[in-house]
Each structure stands twice: as C-alpha cells, then as structure tokens.
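Asker: Each chain, written out:
There are 4 protein chains.
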Amino acid sequence: MSEINVGIVGATGYTGTELVRLLHRHHKVNIEVVTSESNTGQKFSSIFPSYTDIFEKELVSIKDLKNYKLDLIFLALPHKVSMEFIKNHGTFGAKIIDLSADFRLKSSAEYEQWYHTPHIAKNELKKVVYGLPEFFRSKIRNAKIVANPGCYPTSTILALGPLLKKDLIKSKGIVVDSKSGVSGAGAKANSKTHFPEVFGNFNAYAIGSHRHTPEIQSTLKEFSGKKTEVLFTPHLLPIDRGILTTTYSTPNKVLDSELLREELAHFYDGEKFVRVVDTPPSIKNVRGSNYCDLFVHYDERTHKVITVSVIDNLVKGASGQAVQNMNIMFNFLESTGLKIPPLFP
Amino acid sequence: MSEINVGIVGATGYTGTELVRLLHRHHKVNIEVVTSESNTGQKFSSIFPSYTDIFEKELVSIKDLKNYKLDLIFLALPHKVSMEFIKNHGTFGAKIIDLSADFRLKSSAEYEQWYHTPHIAKNELKKVVYGLPEFFRSKIRNAKIVANPGCYPTSTILALGPLLKKDLIKSKGIVVDSKSGVSGAGAKANSKTHFPEVFGNFNAYAIGSHRHTPEIQSTLKEFSGKKTEVLFTPHLLPIDRGILTTTYSTPNKVLDSELLREELAHFYDGEKFVRVVDTPPSIKNVRGSNYCDLFVHYDERTHKVITVSVIDNLVKGASGQAVQNMNIMFNFLESTGLKIPPLFP
Amino acid sequence: MSEINVGIVGATGYTGTELVRLLHRHHKVNIEVVTSESNTGQKFSSIFPSYTDIFEKELVSIKDLKNYKLDLIFLALPHKVSMEFIKNHGTFGAKIIDLSADFRLKSSAEYEQWYHTPHIAKNELKKVVYGLPEFFRSKIRNAKIVANPGCYPTSTILALGPLLKKDLIKSKGIVVDSKSGVSGAGAKANSKTHFPEVFGNFNAYAIGSHRHTPEIQSTLKEFSGKKTEVLFTPHLLPIDRGILTTTYSTPNKVLDSELLREELAHFYDGEKFVRVVDTPPSIKNVRGSNYCDLFVHYDERTHKVITVSVIDNLVKGASGQAVQNMNIMFNFLESTGLKIPPLFP
Amino acid sequence: MSEINVGIVGATGYTGTELVRLLHRHHKVNIEVVTSESNTGQKFSSIFPSYTDIFEKELVSIKDLKNYKLDLIFLALPHKVSMEFIKNHGTFGAKIIDLSADFRLKSSAEYEQWYHTPHIAKNELKKVVYGLPEFFRSKIRNAKIVANPGCYPTSTILALGPLLKKDLIKSKGIVVDSKSGVSGAGAKANSKTHFPEVFGNFNAYAIGSHRHTPEIQSTLKEFSGKKTEVLFTPHLLPIDRGILTTTYSTPNKVLDSELLREELAHFYDGEKFVRVVDTPPSIKNVRGSNYCDLFVHYDERTHKVITVSVIDNLVKGASGQAVQNMNIMFNFLESTGLKIPPLFP
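Protein chains in written order, with the numbering used here: chain A, 60 to 404; chain B, 60 to 404; chain C, 60 to 404; chain D, 60 to 404.
Since the hints were derived computationally from the structure, they do not count as laboratory data.
Heads up, a few of these hints could be off.
Since the list can't tell identical chains apart, any single copy or any two copies may satisfy a pair.
Derived pair list, reagent style DSS-like, types lysine-lysine, alpha-carbon separation capped at 30 Å [claimed, not checked]:
(1) K231 / K146
(2) K154 / K229
(3) K280 / K312
(4) K251 / K331
(5) K146 / K398
(6) K87 / K122
(7) K231 / K312
(8) K312 / K165
Note that the coordinates shown come from a computational prediction; the quantities given were computed from them, not determined experimentally.
When you get a sec, could you build the whole thing from the sequences and use the hints?
Answerer: Structural data, given as structure tokens:
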C-alpha cells in the first residue's frame, strides 16, 4: 500500500511539533503540508532548530490548505479554534483527527457548561468517535472524525475503565489526583509558566473546575455503562513532559492487589502501549514513548483501591495517541512509527 | 534573660544543618556544641562551605557531649539511633527535642508494628510531648522531651485537625496525597536520589505502608478525640525542598468553601506560622520559611472537602518547628529566630 | 538613630520584590511606599502570596510619590525607564540607588553605542557613583545617586579587579564565561523563559554583544587604572537564582595558586561579603545571601589564571548590594539586614 | 546481509543502557548477550522498568561470555576495568568498541600520567583506532579495536579540529569551557550527585586536571598536525543529559563569522550528524539524538574566535557514536539506527 498524505494544522504548537517528530519518518505517511498562522512562510526548522536537516518544510496558512490533496488532517489547535476550522472549512474531503477538546464531549450542553462557549459544530459532533484505541478500537476504525483524548483523561480512564467495567470499584466518590509537566499548558508563554516561578515549585490548580472532569466521567460512563462521578484535581509539576495520575476508589468487595493486577493485565493483554507493572511507575519510564504504565494496589487497612498511571502527555496523552488512531483508521499496523523506547535517564 | 546553651547531635544531616541555619543568629541561643560521628574533628564549614565565616565550630563526637553543660539537646538523628542515644546517654540533664520518629507514636506496639524494630526507651516514651505547637502548645511548654513531628504529618495534621475537631468532616475514608522534595529523604546519597534518576521524574512510593501513617492517625485522634483512618500516599517531587499535601474527605453536612475557610482562619487566628489562604498555595510561597499555607475547598458537585497545604519540609516540617518548640519550652517569644520571609522566586 | 524612609519604585519586578525581602525587617529602615504601574491599588501580598502577613502595603503609582517624604528611593526599573524617571520627576529630594543600567557607564556615548538609545539624563550621570562597595566605598558614602552594578559585572569585577590592580594579570585577552539563572531575565514571561524551553536546557546568548561588557571593562579600568579588554559570553542556566562566572586571563609572570589566593584574601580582608575559598564554589553556597565566593587557580601547564566566582544574582548581584550601598550612604553598619545565611540545600 | 551478533559488556551503566536503546531495534544487529556483574541473573527490564516488553534479556556474567559467538563486543565499562577485560579475556575473536578511556590516548605514558595507574594492555593500544568518524572514518572501517571518544572531547574536537586543520586559529592558548549534565558522571550514586545537592546548583570541577585534557590535545594534534595546548574546565549542569562546550581561541588573521561558518559547513558537508548552525545552539536541540550542533563566531572587537557546540553526552558523546562506529566497521549505512530526532521540548 502506498503512503497517505497528511496535513498538520497548527504545527508549531507542542502537539503539532510532536506529530512532526512521530510522522516525519512514518513509512506509511507523507507529511504533505504543515500550517501555522503566526509563522507562515517560515521553515519549520527555523522555528524549531532541533529539526534542522530533519524536517524543513515551509509553514503555510490554513487559507492555502485547499491546494493540497489530503487523506487525513490533524487539527493541533486550541479548543474553540478547532470547531471554527471545521465550521468554516469543512474537512476538505479528508478524515480528521482533532487534538483539541471541542469534540470530546458527546453532549454539546455539557461542553457549553464547562467551556463557557457555544458549541458551533453540533452536526459534526454527532459523527465523532472518541479516540481511545484500547476502549473504542472498532469504532475508530471506521470514523471520519476522531476526537483525540485529553492527556489527563487518558491517564485516568486507562486506569479506572477496566475496574469499573468489571464492577470491581464503585462509580461514585472516585478521587483523581493528577500531576502534569508544563508542556501540557502549551507552547505559549505566560506568567504561570515563567521559568523562575515554576522551577522548584509545585501547586494544585483549577480545583473542582478543570474541564477534563466531564471528559473523564462521560467516557467512563460510555465504556462501563455506569454513571461515574469523579473529583479531579490537577497539579503542575516542575518538569517538561509527563503525567502521573493517582486514583482512589472504593472496591465493591474485599479484593487483593494481585487479583486486581491480574484483572488489568488480562484486560490489556495484547495491547502494545499499556503495560501493567508491579511496582509504582515513574514518569521517566515512559518519557518520549507512547506507553502508559499502570499500577494497582488494594489497601486492606482502609479498604480502598489505588491506581498509579504514567504517560508522556505529548505522546500517549496527545500526538502519539493521534498517530495510533491514524494507524487504526488507515489499517496500518497499530504500532507503526510508535515503537520508540522511553528516554531514560 | 541570658542565652541558653544548646547542642545539636547529628549536625551534618539536613535537619542538623538547618538547625544551625536557624539558631546561629538566634539571640537567645548559644550553639555550644555540634556533633558528627563521620566528620569528627572537622569544622562544620569545611563540610558545608556555605557556612564559611558564618559558623565554623568544630564537630565533636557524641562521646564528648558530657563535657558540655547544655540546657537543650536537639537530636537530629535517624530513627532507632535517637532512642539508642537516650537509652545509652540519658539526657545529660538537658531538655530534649528529638527530630527522629522514635518518640512520635505514643504506643510502642504501634511503633514496633510500623518500624519493624523493638522500642528500647519505653519509659521515656511516656513522658514525651508531641511538638506541634498549634495543637499542643501548653503541654510543650512544660515538656522535658519533645518529639518533633514528621514533615508529611505536619502538613497533613494542620489541614485536617481543625476540621475533625469541629466535626466538619468524617474521620474515616480520608485520602492524603502528599508530594515531597528530595531533601526529605536525607543527606545520604543512594540510587533513588541519584540526580539523573530524579530529574524530570516523579513517582509514588511506599503505597499503603509509609510510616507517617500512624503518626497522622494517632495525632488526629489525640487532638480531635475521633478515631481517624487515613490512606496516605507519598510521592517524590524533583525539587530540593518543600511538601504539598492534598487531602480529600467527606463532610458531615452540606458546607461551602467560604465557611470552611472561616473555620480554619478562626482556629489559626493569632498563630504566627499558619496562613489560611484563598487561592491554592505553591511550595515556593513558603520556601526557606516556617510557614504552613493552607487552603480549603468544598466541592459541591461531589460533596467532598479538599485541602491543600504547603510547608518547607526542612523548616516547618523539621528544624523550624523544632526551634518553635524550643522557644515555647524556654519562654522565648515563639517567633524568635523564625521571622524569615520565604525565598521567592 | 531613627529610621529612614525609603521608597521602592517598581516593587513587583524581581529586584523590587527582593528589596522588600531584605528591607521589610531592616531595623533602620521604614518602607514608606512601594510603586507599581501595572498593579496600582493592589496589596503587595496579593501579587506575591508569599508575603501574606509579612508585607501587605498597597502599591501606588509613581504619580503619587510626591505625597511621601523619602530619604532614599530605590529605582527597580528597566533601563531607559530609570533615566526617564529621573528626567521627569527628579529625585524628590531623596538619595537614589538605581538598579537599572542607565547610570552605570560614565560615558553617555558608550551607553548609546551599547544600548542603542539616547541618554537623556547626562547631567545626573556626572554625579553618579558606581555602587560596588568593595571598590568604591568612600565615594559611595557621599553619593547622592548610586548606580547599582549589574549582576554579571559584580561576579566578574570582584574576581578580576584585585588581580589587575596588583598587576598580576594582563588587561587584554581576558575571557569571561558566565552562567546565570533565569531570574536575571526579569519577572516578565516570554518565549525564551517559557518553562518547557528552559527546563533541561542550556545555551549561550548575546555572544560578543552583551551590554554588561562595557560595564565590566570601564569599571575594571576605573579601578585598576588599566584599559581592560574583556570577551564576555553569558549563558542561561536552568535554575532560578545564581550566577557562576569563570574567567581566563594571562598572568604577567610565573605565579602559583597559593600566592594568588593570598593576594585575593589580603585584598578582601575585612570584607563581610566576599569569601575567598580554596575549592571551586557552587552557586547554592550563596543562594539567598549577599556573599560572593571567589576561587582562583594558576594553571602551570598553560600559564593561565582561572577564577571562579558565584553570587546570587538577585542579592549581591542586585538588591542585596543595593542595601549594602544604602547602609554605607546612611552610615549604618554595612551588614545590617544582610546577615542572611545561604539556603542550602 | 544478515545480522551481526553483538554483546554489551556492562549493560546496566548509562552507556550500556543507551546502547540497548539504540541497538534493540537496529535491523542489522542482534543483541546476543548483555552482561552485568552486579545484576547477574536478573532481567534487563527488571533493572530498568522502562524496558518492560521492549528488552527483557537476562543479564549474564562476563565469565559466561565465552558461550556466545559474537561479531562485536561493546565494552561499556569504567576505565581500568576495560583494559583488564582485554588483558584477561582477549576479544573472543570479536571486534571491540571500547567506551572507556583506556585506549583513547596513544601514549601509555601520557595515560599513566593523567590516570595515575599503569597501562596493562600496551600491545592492544597500538592497534586501536580513535573512533571519531568525522575525522578518522577510513581507519575506523578496518579497525579491530575502536576507542570510542569521550563526551567532552567529542564536543570540543568537532568544533576546533577543522579550524586548526585549516590554520584558522592558533594551537596555543585555547580555552575550553564545558558544561555537562549529570549522567556524564555515570549511574552510580555518590554525594556529589545526590539530588538535593545538584538541584538548582552549578559548579566547576577538576580545574586544570581533568583527564579529557590530553585526549582533546592529542586528537587535535593527530588530526591537524599541530601540537595543541588546551586549558579545559568542566562544569556540572543540573540536568540529566547534554553537554555544551564554549571554546575561545585566537585567529591567525582577521576573519569574519560568515567565513568561519562556511569553512565549518564545507568541512562537514555530507556528514549526517554534525549540523553547522547560525544561531547559538541549545542542549535540548540535540537531546536523545546523535547530532552535534556547532556554532562559530568571530569577535572583531577582541579578535577571538568563539565556538559553541552541543551534544547529548550519552548519544554522540558515547553510545550513539559507538553505534556510528559499528555501522562503519560493518559496512552498514552510517546512520542506521541513529535517525532519531531530538526530543524537544
């Protein structure tokens, strides 16, 4: 089979750059066009000198996208801008993988409640598939538009989904305590990401109000069939890449850690990118890779189930998962271009 | 009133060094002697060049302590070594502030269960006061031996204590998710604290089994009168100093954030070192200082109470609190030597 | 003697904040007014929560400065803005310590060449004293306006000055390789200080063109009497605070390290804030303090003199030195308010 | 052509681990055996959980190497241990790439002078080729034993070699100021690499005495034909990976930056792993990759040539270069297995 032509819209943000890293050598893919409104006319490698000699394509404006024949478009855009793109430009006859939050919630009402802005592409919303391969692989295969999951939700849902589905834990009162590196906040500088403020520091933010909350809840419900209620608290880690999520839930019966691990191992048997591990995982165990490492513990004393999961927020939490979705949508081997070992140390 | 003579036993560990930082200019204190078994005969400043011209006293062996007339001895020793010191040497007629874990648990049985070693100073244990000034100030005033609280417990108990005492939250099912900088692991290098392993990394450890768990539970019980059950999960932050603790508990009735904040503010009214704040605090807000910054949120949607507290683990979490205890024990103004503003940025 | 009244103009930048840290408990100083144009009307502690309960004064506009009776004004402003302040407002009858670069170069022509902007306060420039106490103490004592030295120049000049003055090294061909933490770039966020870009990274910048070059050269000339030529290369360290400067120069004769160290020790004998050390110093040896630690080595094999010096860029490299200058100008003990031990670890 | 069988001796050090990262998917290579004396019998992935599902081979002892038929052995051992290996075991009929320092200096006398230990494999030393492909490719092609260059030397020699060879700079009085991440110090923890000591810190070390000095000098001499004298000063950067080297030298005539850049670009024309760049490079531009990014500047004012070069110390500075050498020795395409883009951000 020959290569497909893809476009990366918003190629100079962090998820866009990461798509270039993963796709420029993917042997089934030709990166036909990369766009940036703020850097139109410049070479990608002049913005990112690390790509000198590697990927030097010139950045074009969205306005010129119509000149390219594309099989797939990655939208690496902020929320709101993504649905405006779809609204204004359609899909150019291509399949779409959207890395923004605009199409992750099935309910536009819920979207409007958490994102405080009207949803302007409700028709498209109905056709969208949520792109978590380990849960929705068969739907992704035939999707026209895939909503690529958020970083926090990926790390959370992979941990809790199988436990809920198997009725091992209660779907209420779940606590999700997440810690993310700063690249999750995007490539645009602001006072909260100013180096001297973040360095040596750590804080919680958006307590009780983070927009990934409904994404976690609705996906867990869709997958497990149980209305799920999650209290989600994100924290900002003073590192560049990586998320670690610790969850606390109440088991439906007396369990043990070994049994829980086996349940997870069984569920993820055959999966290339989820590793059920028997010691608490570290963020650097997955740095730069598409892995999610997943640990579970049953605390006998307090009768709670704890999970700890780690991903690289820019890979399994964004662009790597997008490539995995692409591989599924185009019938490539699912791990093509993603067999990258973690960078340790 | 004239100065008191103090000795710092184990002066070259991190809590010992921090005691020197806080005490060398305390105008009511004369650091009469500093000990180190591994560096006997060397100047303190030759081990810590940052103290050149500041504190250059020669380190002596514990064996020579008997030659000094001391009003107070700080034991900045590992657990087990502290009770051996008391067992073998007594107190030299001085008051004792012990920074180890050996005298923090009232029950020697509980100590033996969590620390996997016999308690060898049970008689002394009975006389010990737990040195959390905001809770036990009057007992500390007359104590001969003070057990200085652990770093994780300090950050946790200050947050949960008043809520439990006031019957605002349930004493069961409390989740404590803590994140600590690496100095909490002490000054001794090992593979888990090797820079390339920790840098850019993050992980949970001692899940379900950390020894600060019984200290948190028993202190909360002693203070609030309620048998308290806590699930405590520590994580290792890639920073040098600081702890942030996030707790999740269930309220006894419908509440609101404002009311909770007022309850805490009222409880800590007049306290010099606990600041009840109205935005989630950052670790660097207290770096190098004796403050605990404390935030509370009531999550209406999930009916949970969240607290976020930050301390510098070496100051309010160890040596600063020890100095605060000393000030109380010797009737000095409680903030003497501790009015150090946080180092930000 | 009673207190003096000081104003801090530009109190919410990093050097302004650091002045608050050092002055709010200085027993000879009353911080009468703090200004900020962008945060007028807000409490200092609402911008910097670390100052809650410590320093809560309301920020006012420069326009209101005339309502205050001040003995001393600290200008913690960017270059250009400082001389505009002096031009537009005069000095309000107060003495001035200017932390910007506007008055550091005696020659306005040189200023205009390196800063690419006209100097608009040439009259005032003539009266200014360069505020490096160890070199120009007696002039500082009687100065009306003190130009507080730059951070890189402080670390460089303290190392090279005595060697040049004593004719130990040649004044041509000196290489200065400096490495600074990010707070040196100020409190304003930009893409170059965005956390994910700086974290784990390191780079040289402004090669051959950094504006501290003429400051280093002209000060060394003024002090040593020798026209000095320096090649200065700054680098950006992924830390919050601190500068380490390595210099390479050619000795005028065969020397040895011991002799050089003695020369420096002799020169700095009696100085409170320069410590001549016998092992290469680390940045954290001076973190948060007003010390400059200084090491010298004679390399026999290549016949070169190497110096390594460290300072905290915000203290001895800015606000600490400003307070030292104030102490001199008002006949306070020179170390008042500055006896702060380094924060290690 | 079929695969070659390789062994990695000392696979659990950082350079050994990095060889696994680069070779486990190299399609011309079969990693036949990995050794570790301290972890014999354990799976590689149990020591490095990041390799779970990726590389799980069991670690064997050197004593068992004789049971394997190998085309190539990588010695990822400390200096001294490497030559003992060769002395005691020979080469098992395989080619050798030695990543230690034992065979980098042609002169055993010089080795003994700088490493303070007798050279015990002088016969083998004579046959060794220094494995810097860009300089010695044709010799490497036919070598039996390749001494893989040191990390600091690689970053330095690639910058200075062409300038010396072309007679553009003087070979005396060269200053090399290098800054390295902590993984350069190896995987073994010690007090100097304890996280709280390194974090937020920076220092120079081994001033005038670092063992990479003779390697730099003798290689530059071998390549350029000029006796070269270098003053080399290493510094410890608080990051995990990466070296940045700044050099200062005196040109033989008036030059300009553009011309120098062209000279370097011409010299490295066709090279896959050296990129001559026109803005000062950052360490993260090459993180995880085999690139060396190289910048040159002529400073008119002081008549000096400055170079800035960056590498990942574990890749181009160690294991990546070793793989590059292997590719040359076995007539594989030189970039096989090394086309890994840098991990940015």
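Asker: Confirm or reject each hint.
Answerer: Do the hints match the structure? See the list:
1. K231 / K146: neither (37 Å within a copy, 51 Å between copies)
2. K154 / K229: For K154 and K229, the Cα distance exceeds 30 Å both inside one copy (38 Å) and across copies (51 Å).
3. K280 / K312: both (21 Å within a copy, 27 Å between copies)
4. K251 / K331: between (36 Å within a copy, 28 Å between copies)
5. K146 / K398: So K146 and K398 fail the 30 Å test inside a copy (35 Å) and across (39 Å) alike.
6. K87 / K122: Close inside one copy (26 Å), not across copies (45 Å); limit 30 Å.
7. K231 / K312: So K231 and K312 pass the 30 Å test inside a copy (15 Å) and across (18 Å) alike.
8. K312 / K165: Answer is neither; intra-copy 32 Å and inter-copy 33 Å both fail.
Violated hints, listed in ascending order, are 1, 2, 5 and 8; each of the other numbered hints is respected by the structure.
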